[in-house]
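Engineer: Given next are the chains, with one letter for each unit.
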Amino acid sequence: MRLDELAARLDCRLRGDGGVDVARVAALEQAGPGELSFVAAKKHLALAATTRAAALIVAPGIDLPKPLLETPNPYLAFARAVALLHPAPRPVPGVHPSASVHPSASLGAGVHVGPGAVVGARTRVGAGSVLHANVVLGDDVELGDDCLLHSGAQVREGCRLGQRVVLQNGAVIGSDGFGFARDDDGRYHKIPQVGSVVIEDDVEIGALTAVDRAALHETRIGRGSKLDNLIQIGHSVSVGPDTVMAAQVGIAGSTRVGARVTLAGQVGVNGHVQIGDGAIASGQAGLTGDVAPGAFVSGTPAMPNPDWRRASVVFAKLPELQRRLRRVEEALARLRSTSE
Amino acid sequence: MRLDELAARLDCRLRGDGGVDVARVAALEQAGPGELSFVAAKKHLALAATTRAAALIVAPGIDLPKPLLETPNPYLAFARAVALLHPAPRPVPGVHPSASVHPSASLGAGVHVGPGAVVGARTRVGAGSVLHANVVLGDDVELGDDCLLHSGAQVREGCRLGQRVVLQNGAVIGSDGFGFARDDDGRYHKIPQVGSVVIEDDVEIGALTAVDRAALHETRIGRGSKLDNLIQIGHSVSVGPDTVMAAQVGIAGSTRVGARVTLAGQVGVNGHVQIGDGAIASGQAGLTGDVAPGAFVSGTPAMPNPDWRRASVVFAKLPELQRRLRRVEEALARLRSTSE
Amino acid sequence: MRLDELAARLDCRLRGDGGVDVARVAALEQAGPGELSFVAAKKHLALAATTRAAALIVAPGIDLPKPLLETPNPYLAFARAVALLHPAPRPVPGVHPSASVHPSASLGAGVHVGPGAVVGARTRVGAGSVLHANVVLGDDVELGDDCLLHSGAQVREGCRLGQRVVLQNGAVIGSDGFGFARDDDGRYHKIPQVGSVVIEDDVEIGALTAVDRAALHETRIGRGSKLDNLIQIGHSVSVGPDTVMAAQVGIAGSTRVGARVTLAGQVGVNGHVQIGDGAIASGQAGLTGDVAPGAFVSGTPAMPNPDWRRASVVFAKLPELQRRLRRVEEALARLRSTSE
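First to last, the sequence lines map onto chains A, B and C.
According to our numbering, the first sequence is numbered sequentially starting from 1.
According to our numbering, the second sequence is numbered sequentially starting from 1.
According to our numbering, the third sequence is numbered sequentially starting from 1.
Treat the hints as calculated values from the structure; they're not laboratory data.
One or more of the hints may lead you astray.
Identical chains blur together in the list; that is why a pair holds if it fits in one copy or across any two.
As a list, the in silico DSSO-like pairs of lysine-lysine whose alpha-carbon atoms are at most 30 angstroms apart [to be verified]:
#, residue 1, residue 2
1, K43, K66
2, K42, K317
3, K66, K42
4, K317, K190
5, K66, K317
6, K43, K317
Sequences and hints are given; from them, build the entire structure.
Structural biologist: Below, the structure written as structure tokens:
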């Protein structure tokens, strides 16, 4: 694609030769002739000076001796450039002969059902949705239009997914919540989990992530939220819109996570707590209680990030502090014996 | 079902109108006419006062202007009420035409084998067990009666599961333990894992949880224990009966976990240690050594919970402590120079 | 097998009766007549004195009243003995009738494709490789010779695996990396992940471990590295040769892990950092920045292990330190008032 056409499609300001042809995108280090790359931050300017890319997407104020596409959000323009230049292959519509689609299920126009995929009774799959190999949809599942379920993803009975939902490989939606009542002998009895899961529009769920069904009502993931791999979402959790969670986050039952929240990798969140809109937790934080909207927390138990950073610096010096305290005590004892 | 019949079936004391009909269970917030809810703790009394539920299961001493089912263990009665009012649909017995059952395998009476499920050579499936879509049982597997394996669950060759075992979606039983011997060049050589896994009666294993086979003998999960999602059980681990582990717990090889142990989410346990009966570990704790029976531990490395709580409070104040220590040192220096 | 033959095959020095027959291997506790066990460390000598094993593999300097196989690396000899005495059953070559192999795919000599397995378009499977039940290989995948993919493992489009690669059950290779660009309204837009994953020779990937594909170039796992279960490898990560990671480790995007690195269970590593060759991180460590070659780190944020151990000892005493500091302050205040 010619750079001037790409500039128009990406809503970027063209600086330099618009007649250059770009066929692919690539990282600064690997890019070569015919490839488009991007510079999102000034710290990458040194690398950008040596790239062999044919053209670059840049933020305003960045100047380089290349054809440039200037935009206030280079990362977003880059995302769109990738989609334009590397369109994902569309699986052909139709049901593979080895798939098992229940006679009472309904498939919208253009749906692809791959080898070994299973669609349960009364389940409805929206137009344009793709079920890759060995995907399993249980009975009474509702799937919106243009969903993309990668191989091995599973959606249990009665769960509802909106439009354009993406499930990565092996994701599990609607497994039983972890609910057991203990009797007087210390034995656990299962509380049947008769609720469901609702995944709103434009959500992406990572590989091998589990979203448990509620005991009674519903577990809900809000519109546009993005969950990475190997995450655990407990029963009756609700997650607001536009929230992101990195890999291996775990959220215990009945917790409410707000909108635009960011949870870094391996964060753990207790059950029955509230995480306010826009809150951020750094990696491995343990959120044992409510977190205020907009707060940035770290550590276990979680505390404000600046406090945690300062306390962690002192933690490393604890043996020294202990020695200094002992010396002070000794000096004081000597002073007192002198002054007596 | 009439409330007086339900009271009899749940062994509860009926207080109020036994002629009320209840058809479903629901949480206090969502319950409406014809629905049964429960009040387990006095802290939910305010919510209970506003619920539209037709009747409530309550502990003795709780009084509300509703028909009530009174029992010392409301949570357990509620679990039974859910099972009574929401019986799980029984998949029809039989083998789906797309399933692959080895000719030498044996299936008990009433077994259901779903689409795409695979049953290996010489494998035996007990009466009434259900294998949902794409479940895989390897060769020489033994599965007891009335087991329930959700879609995508996998049991490797030679593993044995007792009666009424539940595997949630994507659970893996019998993957190879992580055992490698290092040679003089620093290269790792696999130690073939020729042991197996034994899962005793009434165990439930969560979605995407892995229980590794032993190198030589067996990995064992004790009767009635309940494991949540995304848990790692290393090779040759043994877990006693009636133990519960929340999501994302990891237990390294050869560790022995006792009976009635509770491990909260994301707890890590070292290899070759012993966790005593009835021990409790709070979320994200790192159990680096043995834990005494009945102990309640927290933190990494784990310590008694009350000590950890108190130390964590001081941790947050470390920068302040450091400043106070410096002031004390300075004051002392001034005192000494004065007294000289 | 006669012990003298086994000694020759394992390159061990025979001490005692070479005519003894050993048929199996077993742990010291469980071993009986006809079984071989091993003593790797002097701490197991007491146990070894009571074992009923027919013969033992031992390190030089260990003396026991049994036929012995002496070698400087007993653990490695034991690994080989297991492989010799317990050869894994070879699945018969051929494609199960319920498998789906795309007409444009190519299968090498002796390949086994199990029930329900799926092989995509243009995908090449090397000679002797085994795809167990319900394995899914996407389009344009390259798999070397003698690979072993356990049931439910999945390899996405365009990924390349070398020779003798082992994937445990449910492992996912090539799921989309977690890349989203945020617009001015706080909504996230997917950055199509058009890179791939390269797994070099002799790598083993654990059950339910996810290795994400790169956004643009490749994610790479180096020759001979061994990854345990439930691990997350982010996009564009590179891992050097002969590195081991225990279960539930998580590595964020673009991080470079060196050769012969050891990451214990539940370690988290930030994105865009470098972990030097031979570095070691203890369980649950949080590696927030670069780690020098050969360093041994612990804690979050990670610090040198000896420092962390010492600081952790003092951490447990923080309430006591706080009390001592207060007493010092009070004593000092009294002294000053006295001296005034």
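Engineer: Evaluate each hint against the coordinates.
Structural biologist: Tested hints:
Within a single copy, K43 and K66 get their C-alpha atoms as close as 18 angstroms, which meets the 30 angstroms cut-off; across copies the closest is 66 angstroms, which misses it. With identical chains, the CA atoms of K42 and K317 are never at most 30 angstroms apart, being 35 angstroms at best within one copy and 37 angstroms at best between copies. In this assembly of identical chains, K66 and K42 lie within 30 angstroms of each other by CA distance solely inside one copy; the values are 16 angstroms within and 67 angstroms between copies. Taking CA atoms no more than 30 angstroms apart as the test, K317 paired with K190 passes in neither setting, with 48 angstroms inside one copy and 42 angstroms between copies.
Taking CA atoms no more than 30 angstroms apart as the test, K66 paired with K317 passes in neither setting, with 50 angstroms inside one copy and 53 angstroms between copies. Within a single copy, K43 and K317 get their C-alpha atoms no closer than 32 angstroms, and across copies no closer than 35 angstroms, so neither meets the 30 angstroms cut-off.
Hint check: violations occur at hints 2, 4, 5, 6; the rest are consistent with the structure.
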